[in-house]
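Build out the structure end to end from the sequences listed, making use of the hints.
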Amino acid sequence: MKLHPLVGLLLCGTMHAASDANWPQFRGPQAGGVSAGVAPTRWEVGTGENIRWQVPVPGLGHASPIIWGDRLYLATAVRPGAKAELKIGNYGSGESYKEKEKHEWRLLCLDKVTGKILWDKPGHEAMPRQERHTKASHCNSTPATDGHCIVAIFGSEGLFCFDMEGKQLWRRDLGKMDAGPWDSPTLQWSFAASPVLHEGRVIVQCDVLSEQFLAAYDVKDGRELWRTPRQEVANWCTPSIATHAGRTQIVVNGWKQIGGYDFATGRQLWTMAGGGDIPIPAPVVAHELAFFTSAHGKFRPLRAVRLAAAGNITPEEVGATNQAVVWCHPRLGSYLQTPIVVGPLLFSCDSTGVLTCVDARTGRLHFSERLGAGGQSFTASPVAAADRLYFASESGEVFVVAASEKFRVLATGQVGGPCLATPAVSDGAIYFRTTEKLVVVGGKK
Numbered sequence: 311m312k313l314h315p316l317v318g319l320l321l322c323g324t325m326h327a328a329s330d331a332n333w334p335q336f337r338g339p340q341a342g343g344v345s346a347g348v349a350p351t352r353w354e355v356g357t358g359e360n361i362r363w364q365v366p367v368p369g370l371g372h373a374s375p376i377i378w379g380d381r382l383y384l385a386t387a388v389r390p391g392a393k394a395e396l397k398i399g400n401y402g403s404g405e406s407y408k409e410k411e412k413h414e415w416r417l418l419c420l421d422k423v424t425g426k427i428l429w430d431k432p433g434h435e436a437m438p439r440q441e442r443h444t445k446a447s448h449c450n451s452t453p454a455t456d457g458h459c460i461v462a463i464f465g466s467e468g469l470f471c472f473d474m475e476g477k478q479l480w481r482r483d484l485g486k487m488d489a490g491p492w493d494s495p496t497l498q499w500s501f502a503a504s505p506v507l508h509e510g511r512v513i514v515q516c517d518v519l520s521e522q523f524l525a526a527y528d529v530k531d532g533r534e535l536w537r538t539p540r541q542e543v544a545n546w547c548t549p550s551i552a553t554h555a556g557r558t559q560i561v562v563n564g565w566k567q568i569g570g571y572d573f574a575t576g577r578q579l580w581t582m583a584g585g586g587d588i589p590i591p592a593p594v595v596a597h598e599l600a601f602f603t604s605a606h607g608k609f610r611p612l613r614a615v616r617l618a619a620a621g622n623i624t625p626e627e628v629g630a631t632n633q634a635v636v637w638c639h640p641r642l643g644s645y646l647q648t649p650i651v652v653g654p655l656l657f658s659c660d661s662t663g664v665l666t667c668v669d670a671r672t673g674r675l676h677f678s679e680r681l682g683a684g685g686q687s688f689t690a691s692p693v694a695a696a697d698r699l700y701f702a703s704e705s706g707e708v709f710v711v712a713a714s715e716k717f718r719v720l721a722t723g724q725v726g727g728p729c730l731a732t733p734a735v736s737d738g739a740i741y742f743r744t745t746e747k748l749v750v751v752g753g754k755k
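Sequential numbering from 311 applies to the sequence shown in the numbering used here.
FYI, nobody ran anything at the bench for these hints, they're computed from the structure.
What you are looking at is a predicted structure, and each value in this text was computed from that prediction instead of being measured.
Note that beta-carbon positions come from the ideal geometry of N, C-alpha and C, so glycine has one too.
A few of these clues could be false.
Said to hold, decoys possible - Cβ pair distances, simulated, as ranges:
1. H597 to T662: 24 to 32 Å
2. A630 to V423: 47 to 55 Å
3. G404 to K754: 38 to 46 Å
Stated by the list, open to error - With a Cα cut of at most 27 Å, we get these calculated BS3-like pairs of lysine-lysine:
4. K393 to K410
5. K426 to K410
6. K426 to K716
7. K393 to K431
8. K393 to K412
9. K486 to K530
See the structure below:
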């Protein structure tokens, strides 16, 4: 049956709007960080201009908000009786913060439109099994949902699964997640990789000092389906899912074993070594390529790898290319932030606010410019609403940048407090998590 063109357009618009509403995991659908809805470029927290709502959030956490339908879910770690300390800014110290009190890991559910807290339920209570970096929290990992359940990693406390009303369904103890730099094993910085939920499986990348592995669990009961050992350093990377030419693989970042693994079996499909020796950003998948970056040490590469790669594809030098490595910039990568691809362009912002734009397919450099006057620190990864990019600094200043080949800052705004969590985007609104609040930038509904 042929549809009238107008009906077809309406159906396409409805389907697009429905998919645009959900932000189910770290960096949203397909972990791309991009939403089709148009969000404001200007707002004012104090006056409420273009602020849909703002509500206090208990505890401390850098986990991003996730959204399904008309509900928003947020994980946090609460230290009863005291506010958790946090040290932001650019500093070289890697010292850990020692906790002396029990924490309560909680899962909150809010009405996406009004900000009303629908429920606030405890998920786990214990003395933290691991110390945290002075800039980190005990709840860094973003939960994931498929609309039927919510999975969350509460650091060393384990992998948890809840129903959509916050009832715990199962828990897996993954052991003490001693995440710290490979060359200073006495330091503990806390776990940060987020779970990925895909086709009934929970995928976790657990590269810590004591053990490194990639594993898949059945979302129904937490049963381990497969576990693949890795020879890696401790890292804080979230895996991504890529489907190409009938093959679904899990792509992972790292230093010694960047690579792709078969989704069904966990078998390693390809591997690549080299780059920054403290990997943190997640891989980004677009244009039949997987994009990787890392920093610290001699190199901080930004590079593209074909999804059809096979075997050991490590180039002779970090900056070199080959049949599988399409392009590489050995010194333009980022330490903390995951890059973002909008249309044909890839954007990567480093910890000091230097924003780089390249052609995603060819690696051709369009610009490398600094956001602001300098001196600021950036931890949150960028998100995009239509053709606008949003970069939140740790101090809470947000830079709105045009997603174009030319560097253009469209506006700046404040979210009213330190911001280290990557925002969520849904229905033309951006959900910023500061250290004390959820602040939603969007036109009034």
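Hints versus structure:
The hint said 24 to 32 Å for the Cβ distance between H597 and T662, and at roughly 28 Å that hint holds. Our hint of 47 to 55 Å for A630 and V423 holds, since their Cβ atoms are close to 51 Å apart. Between G404 and K754 the C-beta distance comes to about 44 Å, which sits within the given range of 38 to 46 Å. For the suggested pair K393 and K410, the alpha carbons sit about 13 Å apart, so the restraint of at most 27 Å is met.
With a C-alpha separation of about 32 Å, the suggested pairing of K426 with K410 is violated against the 27 Å cut-off. For the hint linking K426 to K716, the alpha-carbon distance of about 40 Å lies beyond 27 Å, and the restraint is violated. For the proposed pair K393 and K431, the alpha carbon gap of about 19 Å is at most 27 Å, so the pair holds. As the CA atoms of K393 and K412 are separated by approximately 13 Å, the hinted pair is consistent with the 27 Å bound.
With a C-alpha separation of about 24 Å, the suggested pairing of K486 with K530 holds against the 27 Å cut-off.
Of the hints listed earlier, those the structure fails to meet are numbers 5, 6, in rising order.
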